[in-house]
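Number of protein chains: 4
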Amino acid sequence: MDRTIRLLISCPDKVGIVAAVSDFIAQRGGWMTEANYHADRDTGQFFMRSEILAQSLSVDSEQFRADFAVLADGFDMQWQFSDSDVRKKVVLMASHASHCLADILHRWHSGELECDIVGVVANHENLRSMVEWHKIPYHFINFKDREKAEANAEVEATLATMAPDVVVLARYMQIIPASLCQQYHGRMINIHHSFLPSFVGANPYQKAFDRGVKLVGATCHYVTEQLDEGPILDQDVIRVSHRDSKEDMVRLGKDVEQQVLARGLRAHLQDRIVVQGNKTVIFD
Amino acid sequence: MDRTIRLLISCPDKVGIVAAVSDFIAQRGGWMTEANYHADRDTGQFFMRSEILAQSLSVDSEQFRADFAVLADGFDMQWQFSDSDVRKKVVLMASHASHCLADILHRWHSGELECDIVGVVANHENLRSMVEWHKIPYHFINFKDREKAEANAEVEATLATMAPDVVVLARYMQIIPASLCQQYHGRMINIHHSFLPSFVGANPYQKAFDRGVKLVGATCHYVTEQLDEGPILDQDVIRVSHRDSKEDMVRLGKDVEQQVLARGLRAHLQDRIVVQGNKTVIFD
Amino acid sequence: MDRTIRLLISCPDKVGIVAAVSDFIAQRGGWMTEANYHADRDTGQFFMRSEILAQSLSVDSEQFRADFAVLADGFDMQWQFSDSDVRKKVVLMASHASHCLADILHRWHSGELECDIVGVVANHENLRSMVEWHKIPYHFINFKDREKAEANAEVEATLATMAPDVVVLARYMQIIPASLCQQYHGRMINIHHSFLPSFVGANPYQKAFDRGVKLVGATCHYVTEQLDEGPILDQDVIRVSHRDSKEDMVRLGKDVEQQVLARGLRAHLQDRIVVQGNKTVIFD
Amino acid sequence: MDRTIRLLISCPDKVGIVAAVSDFIAQRGGWMTEANYHADRDTGQFFMRSEILAQSLSVDSEQFRADFAVLADGFDMQWQFSDSDVRKKVVLMASHASHCLADILHRWHSGELECDIVGVVANHENLRSMVEWHKIPYHFINFKDREKAEANAEVEATLATMAPDVVVLARYMQIIPASLCQQYHGRMINIHHSFLPSFVGANPYQKAFDRGVKLVGATCHYVTEQLDEGPILDQDVIRVSHRDSKEDMVRLGKDVEQQVLARGLRAHLQDRIVVQGNKTVIFD
Chain A
3 MDRTIRLLIS CPDKVGIVAA VSDFIAQRGG WMTEANYHAD RDTGQFFMRS
53 EILAQSLSVD SEQFRADFAV LADGFDMQWQ FSDSDVRKKV VLMASHASHC
103 LADILHRWHS GELECDIVGV VANHENLRSM VEWHKIPYHF INFKDREKAE
153 ANAEVEATLA TMAPDVVVLA RYMQIIPASL CQQYHGRMIN IHHSFLPSFV
203 GANPYQKAFD RGVKLVGATC HYVTEQLDEG PILDQDVIRV SHRDSKEDMV
253 RLGKDVEQQV LARGLRAHLQ DRIVVQGNKT VIFD
Chain B
3 MDRTIRLLIS CPDKVGIVAA VSDFIAQRGG WMTEANYHAD RDTGQFFMRS
53 EILAQSLSVD SEQFRADFAV LADGFDMQWQ FSDSDVRKKV VLMASHASHC
103 LADILHRWHS GELECDIVGV VANHENLRSM VEWHKIPYHF INFKDREKAE
153 ANAEVEATLA TMAPDVVVLA RYMQIIPASL CQQYHGRMIN IHHSFLPSFV
203 GANPYQKAFD RGVKLVGATC HYVTEQLDEG PILDQDVIRV SHRDSKEDMV
253 RLGKDVEQQV LARGLRAHLQ DRIVVQGNKT VIFD
Chain C
3 MDRTIRLLIS CPDKVGIVAA VSDFIAQRGG WMTEANYHAD RDTGQFFMRS
53 EILAQSLSVD SEQFRADFAV LADGFDMQWQ FSDSDVRKKV VLMASHASHC
103 LADILHRWHS GELECDIVGV VANHENLRSM VEWHKIPYHF INFKDREKAE
153 ANAEVEATLA TMAPDVVVLA RYMQIIPASL CQQYHGRMIN IHHSFLPSFV
203 GANPYQKAFD RGVKLVGATC HYVTEQLDEG PILDQDVIRV SHRDSKEDMV
253 RLGKDVEQQV LARGLRAHLQ DRIVVQGNKT VIFD
Chain D
3 MDRTIRLLIS CPDKVGIVAA VSDFIAQRGG WMTEANYHAD RDTGQFFMRS
53 EILAQSLSVD SEQFRADFAV LADGFDMQWQ FSDSDVRKKV VLMASHASHC
103 LADILHRWHS GELECDIVGV VANHENLRSM VEWHKIPYHF INFKDREKAE
153 ANAEVEATLA TMAPDVVVLA RYMQIIPASL CQQYHGRMIN IHHSFLPSFV
203 GANPYQKAFD RGVKLVGATC HYVTEQLDEG PILDQDVIRV SHRDSKEDMV
253 RLGKDVEQQV LARGLRAHLQ DRIVVQGNKT VIFD
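In the order they appear, the protein sequences are chains A, B, C and D.
Residues 3 to 286, numbered by the working numbering, are exactly what the first sequence covers, in order.
Residues 3 to 286, numbered by the working numbering, are exactly what the second sequence covers, in order.
Residues 3 to 286, numbered by the working numbering, are exactly what the third sequence covers, in order.
Residues 3 to 286, numbered by the working numbering, are exactly what the fourth sequence covers, in order.
Pulled out of the complex, with its shape left as it was, chain A reads as follows (with noise of 0.2 Å):
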């Protein structure tokens, strides 16, 4: 993969823009490999996102950024700058099952996620030996026999000696605490294992089985103070019959999660994704 630059932007749309944008690019030499735009018809936002390759550039990125910060102020612009050289951080966080991370750890060993994974925080000890395989530092919390918040204390102590850039929740169990939702706010992802905003909350395959749905999904989303209510990141479905117990239903949903929580991942390792209000703008 060749090294690239991103940049992600948001401002309120007005004539202009782009041309301003990509004649800065153009003039810094820059060679775009993707440029996306979309306008926001209701709130009046606008949003791109360009990558250059970064050899292109004839100025480099510190310079880029510091020239970049004038232009952006006369368009009253949010923006993030990226280098696909400086690999995210990446903590998993997982309880007893382990379908997502073993998921997720295979596309990173196999090379499909941009992103070092410093470590896996989890309140069993049943996954260690299938994270250790992988090189990766295990962090059991126990969460029995003591107060959550010490247990959550814990998690946010163990969290911060590693320093991620991006927390992702592999289906873990234990419900965040607001400091936490607050301090990675806008890059701790979770796999809720239903289609939302169904079936919110615990158990969400035996509701499903309840209601009688013919179809079962699962949403990737960020995670916010409030319960299985961010910024939705992916969704998907599988179909499901009469035939299917509730034991079928967590098994066919189960690679429902995996390619869910695997594609917002991606995205998010890959700068594609602008949050506006709970909602998502994601350039593929």
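Treat identical chains as interchangeable: a pair holds within one or across any two.
Computed cross-link-like contacts, DSS-like style, restricted to lysine-lysine with a CA-CA straight-line distance of at most 27 Å:
| no. | residue 1 | residue 2 |
| --- | --- | --- |
| 1 | Lys248 | Lys90 |
| 2 | Lys281 | Lys209 |
| 3 | Lys90 | Lys281 |
| 4 | Lys16 | Lys248 |
| 5 | Lys90 | Lys137 |
| 6 | Lys281 | Lys16 |
| 7 | Lys91 | Lys137 |
| 8 | Lys91 | Lys281 |
| 9 | Lys248 | Lys281 |
Keep in mind the hints are simulated off the structure, nothing from the lab.
Following the hints, put chains B, C and D in place on chain A, whose structure we already have.
Same frame as chain A, now just chains B, C and D:
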């Protein structure tokens, strides 16, 4: 299509049901073209559907039914006997939107649906010409400038004159009064323009847009007194993105609504559905 | 719908294209409602589409085009300028099957397709009444009891009187002669009832049934002189099983054909497609 | 999981088969947990599968089989009796790519697949550590620097030592010699990385990219001597666009390959498949 007899059975599960029923059919020369079974582990209920070539039977329908009633008693069966030659009478109900109505009319016109469409009831006049082109009576019920109850009474009376076996709400946007729900219990089919239980009630596409979901869907269900809570016949979804306005979602959703309604209706017309509690067993 | 100007561009990729074009548009006050870019790594070709609010432009269309021609020359661009107010004239061609024709007619009737359907050409009489109900002229061309060449000459002459911008083969089952393929190159759209390149030519559902596939599909493509080999606009599939007869596959496939054709046609009508070699770039 | 007996039957269709078989089972106290039937109109062949709770049977397996053989003779049945407690021995064959292998290993590890994986045969060394972590023997067969026939003889001998019931080609990129095809006829399962019959043979993603298809797929099939022509167990597809390079197609296709192979293998392990000619009846 060959004439067939369809037997739908539901009873407490025990050893020997299939043997008894299939022996009963075989003794009367019955050639089965389809046979489906389902044992529900949770409730201990057993379901079966047999489709039998009519010409293969050595007894007439009346005799078959009389004989079968004896067997059915022994197993505490609820059962339904139907004859593919006795086409169900269907009334469609519509409002202003044409897509579901046009789709059903065309499927019927091209021979895809085994039924007689005996009338359309609508609270707008705009679809009259389309319906009458199909040589189907169009009953306009005025819901403006008078009490809902009065209009609903006219709906009920109009339906009564047609004595439908099935009523299809093809995006009929009025609430169905409880009396009608009861009268057509298990044979009034609605299409709701969301993936239930998400977005119950009015304006589901607006709600879906506001929530930022990545799929929009539709649900075909039997109408009960609880709005959008009846047993689900079918559901499906289509992918949307940040590029899609609410109007795009409405447009994309139309195709899903049409197909889901058509599949649900087809299954009902072919006597493939057993309702168990608030869920459906659909033999396809 | 607001009136918009659409600019479709293809040229060798180099630094500064987006800057030049967006600067050109911004200087004329152009408010972009959509902007899409694609750089093809394999061929080094660059593609872009801009949709501009017509009322925002400070120059008229003629001036815009004249000015743009100068810029385009400098970049060796192939380009297409279109105006959403200039509705494309569409002719539909059909045979005996009604489903794709009925679907397009209904979408057009309900305002979903931006075009004028100026006529239907068919080699059977059975669809006349449906077409004429939509107040669209129906041209029956007799293919029986005479030479194909003679019938095809009548087709060509009939098309010529209507001067269509787009010709849609809505399950028109005749081979298109080479002269017509050339005349309507890049604007004659066919729906083939298989997932190409599987099952080219006649009877694809029979072939699919015989091969025992678990999905059947449909392909919308531009017509070229090589049968079923033209650039693909869209494809989709639906699940089938051993329970489905060839007739079931035909029925299930109809829905896929309708949707795939409608999506392809819609993209074409909105000037979203650039053909590159035997492939399409579709900006959606 | 309760222990069950599975009976798979295929015979010429006639009146009374279901009655005879279900009576046979009921007389021995058999509680059926699943029952499936299929009558093929084209060939006049009848298929059925019964799954019976082992503990409900009043006779042991040997007696059941001996008794059933008599009944089967009378109907000219081909039949297969299997016991869920007799886990099938599976050998996986792989090449360099890890995704299908890793997916099957994880499903097996987490208890989703009822089988014993007794070994992996591969023509590269790179997957050894992953396999051995699962405590499964890894057999490397060198295909370089010697005759294919010699290497294939070693494959055959290695397989023979493990006496597998099922061989799974999990993206094993070598051609299987005719002798092995025959030896494992109906129990050697391959995953082909295209939607067959499109793109038979090598490099299907390159072919798909070159053709400009809008969906890429995968096909799970039994291996026969005709390359990629065997009976299809399952297929699926995923949407691609002009934005996707060949490498993107490879990546997107991996998920489809994994799922299609896993579904096909699962159906085979649960004795849900009857092969008829070059097609499969799959009772799910």
